[in-house]
Amino acid sequence: MSNENDRLNSQTDREVSSEDAAATVTLTIPCTPEYVGTARLTILGVASRMGFSYDQVEDIRLAVGEACANAIERAKILKVENPLITIRSLVEPSKLTVEVEDHTDNPSGEGIDQDKPAAEIESMNSQELGALLMEILVDEVSVEPASGGGTRVRLVKFANES
Amino acid sequence: MSNENDRLNSQTDREVSSEDAAATVTLTIPCTPEYVGTARLTILGVASRMGFSYDQVEDIRLAVGEACANAIERAKILKVENPLITIRSLVEPSKLTVEVEDHTDNPSGEGIDQDKPAAEIESMNSQELGALLMEILVDEVSVEPASGGGTRVRLVKFANES
Amino acid sequence: METTSMNLKVTPRRVDEETQALDLEGEVDVYTAPLLRQEIMDQVDAGVKHLLVNLNQVEYLDSTGLGILIGGVKRLKEQNGSLKLVGPSARITRIFEITGLNKIFDVYTSEADAVAAAKA
Amino acid sequence: METTSMNLKVTPRRVDEETQALDLEGEVDVYTAPLLRQEIMDQVDAGVKHLLVNLNQVEYLDSTGLGILIGGVKRLKEQNGSLKLVGPSARITRIFEITGLNKIFDVYTSEADAVAAAKA
Ligand SMILES: Nc1ncnc2c1ncn2[C@@H]1O[C@H](COP(=O)(O)OP(=O)(O)O)[C@@H](O)[C@H]1O
Ligand SMILES: Nc1ncnc2c1ncn2[C@@H]1O[C@H](COP(=O)(O)OP(=O)(O)O)[C@@H](O)[C@H]1O
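Chains as they are written, first to last, in this note's numbering: chain A, 1 to 162; chain B, 1001 to 1162; chain C, 2001 to 2120; chain D, 3001 to 3120.
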């Protein structure tokens, strides 16, 4: 019996790991500041299962938070009544795609430049900073009109090679 | 100026508090064990904003986890293909209502008795334990057929009087 | 306000000739419970007499996990051994109390107490 | 693996004649940023010269919060004072670096260093 116990003690610790099958998680929240924290927690739950590093999970969480903040800003400017945001996470073995869709209005403007001098960074408003953060924090950002007259921001983060 | 600073130092700390307007948060996840943790995080986000105590938030989180575990058990037994769970949280000033809806089958059986002797508790299966926990942890539990042939569990937790 | 871990880690650790500990860390839920069941079964199959399940680092325990612990208690009792729980948080102690499971589980604050009780 | 707080708490604290600290705790995001803006404005209105924003207990900072800190830096510079950041986590330091905001913010590891720099 002492031999068997030794065998048990020498076995490596087992950990549960995600099966990483393709799956979709969809969250709909009011397009208001109070609920962005809830969206970030949901994304934390989704991304944590995927073998991303701590910093990568935080990057995704912040990028999604920025996309939500943008949507809230648009809804406020356009005075949309009871606006909603839908956050759709597509989990695949190779990547996480998060679509943040609002039903406000389409954004104008171009992509933004990542190599601004300090003076220009200082004069950026927080929406521009948010767009810059999204560009830096995830691997792909695209913005397109959503069906039904809103904006869909698609964020893609690739999983680690292993 | 030193007077003004004193005034500032003596002011009570300000905290941001929720406005508690009626709002709905909807989450759809695969009806599989991997995603129950994501549902619990979302519920944590919703309930944390509502002035519940730490224990009350944990109670709601566990009750929702149990409702999801039940749905997963049913989907497994019934061999539903690509089953989903929808978790709808209705946030009102006086209470949080969480509906956990699956598209599996309707549950049979009655409500369960909270005053069992030890021998009977020992022989409960985990689904029965889960149902017992829901009954204890939230203020109201109801189970009803969902439109489209599944089960909807409705959990209600009342906010603290204040 | 809340520490969240998405996983469960189970580390077997030998205590003495006839006592084995399982150190759990994380969440025991419908996702991770099969791992706990397997680890307990491995111990039973290896002929362990007293099993201490260390809940000190467990932050979430649902009915699936409770069911597996109850099953473990029964299995070890059948072979004249014991399964004891060590160091649950206030939150998890509360779950044992409200479900009446404190009537079934032997719960100890410290591992030393649990070992002493197993030998008594 | 992650400590989450849903709120922001801002506590003003006097350091010396012309220096005031704001101790932040929690998340600075689109929801809580208006509170931070108000607290900074209150300090500016009260005529504070040097403002130290203590980020030690801040676990999340988004573009809304960054925008308000940038605004604070500008306002205090206008009145020949300063706004300095103290004790950001590795995570938040990284955010400053990748955005280039480390070129704009004066960041110090300890409050003592920030006070000394303000007097220099
Ligand atoms: N939803 C969005 N996702 C990504 N980038 C966006 C989004 N909305 C706006 N932007 C970007 O943010 C920047 C600022 O946008 P905006 O505040 O509308 O300023 P402007 O209209 O003056 O360019 C623009 O460069 C735009 O490309
Ligand atoms: N989704 C559910 N929500 C609440 N209680 C449920 C649910 N499903 C089953 N139950 C309860 O759990 C108990 C056990 O259910 P089940 O495992 O189906 O056992 P049985 O069919 O043998 O009664 C029953 O008392 C039933 O009322």
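Hints in this document: simulated from the structure, not taken from any laboratory.
This structure is a prediction, so every number in the text was calculated from the model and none was measured.
Ideal placement from N, C-alpha and C gives every residue a C-beta, glycine not left out.
Hints are not guaranteed to be accurate.
[Said to hold, decoys possible] Partial selection, computed: residues in chain C whose CB lies under 10 Å from chain B:
| id | residue |
| --- | --- |
| 1 | Asp-2029 |
| 2 | Leu-2061 |
| 3 | Ser-2063 |
| 4 | Val-2115 |
| 5 | Ala-2116 |
Taking the hints in turn, this is what the structure says about them:
1. The restraint placing C:Asp-2029 at the interface with chain B holds, with a minimum CB-CB distance near 6 Å, inside the 10 Å limit.
2. With a least beta-carbon distance of about 9 Å to chain B, the hint placing C:Leu-2061 at the interface is held under the 10 Å criterion.
3. At a threshold of 10 Å, the smallest CB-CB gap from C:Ser-2063 to chain B is about 4 Å, leaving the interface hint in force.
4. A hinted interface residue such as C:Val-2115 counts as satisfied when its beta carbon comes closer than 10 Å to some beta carbon of chain B; here the least separation is about 24 Å, so the hint is violated.
5. For C:Ala-2116, the suggested interface contact is broken, since its CB lies about 24 Å from the closest CB of chain B, more than 10 Å.
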